[in-house]
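2 protein chains.
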Amino acid sequence: MRGSKTDLAQADCAIARSLSIIGDWWSLLIIRDALGGSQRFSEFQKNIGLAKNILSSRLRKLVQSEIFTIEDDHSSPSVHRYVLTGRGKQLAVVMLALWQWGEDNCFPGKLDYGLADEASGKMLARMELETADGRRIDPHDLRMVVKMKRK
Amino acid sequence: MRGSKTDLAQADCAIARSLSIIGDWWSLLIIRDALGGSQRFSEFQKNIGLAKNILSSRLRKLVQSEIFTIEDDHSSPSVHRYVLTGRGKQLAVVMLALWQWGEDNCFPGKLDYGLADEASGKMLARMELETADGRRIDPHDLRMVVKMKRK
Numbered sequence: 003m004r005g006s007k008t009d010l011a012q013a014d015c016a017i018a019r020s021l022s023i024i025g026d027w028w029s030l031l032i033i034r035d036a037l038g039g040s041q042r043f044s045e046f047q048k049n050i051g052l053a054k055n056i057l058s059s060r061l062r063k064l065v066q067s068e069i070f071t072i073e074d075d076h077s078s079p080s081v082h083r084y085v086l087t088g089r090g091k092q093l094a095v096v097m098l099a100l101w102q103w104g105e106d107n108c109f110p111g112k113l114d115y116g117l118a119d120e121a122s123g124k125m126l127a128r129m130e131l132e133t134a135d136g137r138r139i140d141p142h143d144l145r146m147v148v149k150m151k152r153k
Numbered sequence: 003m004r005g006s007k008t009d010l011a012q013a014d015c016a017i018a019r020s021l022s023i024i025g026d027w028w029s030l031l032i033i034r035d036a037l038g039g040s041q042r043f044s045e046f047q048k049n050i051g052l053a054k055n056i057l058s059s060r061l062r063k064l065v066q067s068e069i070f071t072i073e074d075d076h077s078s079p080s081v082h083r084y085v086l087t088g089r090g091k092q093l094a095v096v097m098l099a100l101w102q103w104g105e106d107n108c109f110p111g112k113l114d115y116g117l118a119d120e121a122s123g124k125m126l127a128r129m130e131l132e133t134a135d136g137r138r139i140d141p142h143d144l145r146m147v148v149k150m151k152r153k
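First to last, the protein sequences are chains A and B. Here the first sequence stands for residues 3 to 153, where the numbers follow our numbering. Here the second sequence stands for residues 3 to 153, where the numbers follow our numbering.
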């Protein structure tokens, strides 16, 4: 799976193409906040603590990549809202995977908080690796290869 | 969930802490290749097409972060192998999430290849969002919030 920086967006690898769109810290933290309900420039800035010019350039790129659409804010005509598109919302799976790994590997003790679905109030379940026929795979036993799908 | 660049590794957010370790393109592409079996500097360089100095600095950082350990290569005493640790292998879940999103959103048609488990030859199943009690959630309906776990 080749994917050098110059051709990441054209690589034959779906991971490389994803990274060409969302592959930097700031973009992922902006999307994390948006998945939690943030929509306004000022909200992102407050939550992430990011310089205005960097936040502005990342949001512009994410709009170009159709992760966000810009909508008017009904409270004020001069304020925009950055609203996640369908493909933006699908990044929740990536975020949960990052959360899970961080929870397991980046905190000294067990975390007493986790990600939840706000509407139902339920915690999100852990995501596990399984083969298409439903067999659980321990990541320690996996060698992950690219393979042609059966027609 | 605050997490500015200076304190990403100390943020209270598991996503921010994950990104402080693996949050750049190159690191993720190196780990992708390692999950497929690559272990030698020359293999990473060939697959990713990355300048030696950048590859070298990323590998060093990933060893410091305990994603890889360095082992001797039995074929030659001057060659090292970069072997994924347990926490490195657990990143397979993040990689599958990135692949899945890229497959859905970054290719014009349907991909005729996907990620598989080499030993069994089986394709990996899609990961879906579910609440802890087993209810599937459409990402479009999710607002992802941080919540205290019940004791």
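A couple of the hints might just be wrong.
Some, not all, of what chain B presents toward chain A, calculated at C-beta under 8 Å [what the hints assert, rightly or not]:
no. : residue
1   : Ile72
2   : Glu73
3   : Arg83
4   : Pro110
5   : Leu131
6   : Thr133
7   : Lys149
It is worth saying that the hints were derived from the structure and are not from the lab. All C-beta atoms in this analysis are idealised placements derived from N, C-alpha and C, irrespective of residue type, glycine included.
Do the hints match the structure? See the list:
1. Hint status for B/Ile72 relative to chain A: violated, with the closest Cβ pair at about 19 Å, above 8 Å.
2. Interface hint status for B/Glu73: violated, as the beta-carbon distance to the closest one in chain A is roughly 16 Å, over 8 Å.
3. For B/Arg83, the interface hint is violated, since its Cβ never comes within 8 Å of a Cβ in chain A; the closest pair sits about 15 Å apart.
4. The restraint placing B/Pro110 at the interface with chain A is violated, with a minimum CB-CB distance near 11 Å, outside the 8 Å limit.
5. Nearest Cβ of chain A to the Cβ of B/Leu131: about 6 Å, under the 8 Å cut. The hint holds.
6. Hint status for B/Thr133: holds, given a least beta-carbon distance of 4 Å to chain A, under 8 Å.
7. Given hint, B/Lys149 at the interface with chain A, holds; its Cβ is 4 Å from that chain's nearest Cβ, closer than 8 Å.
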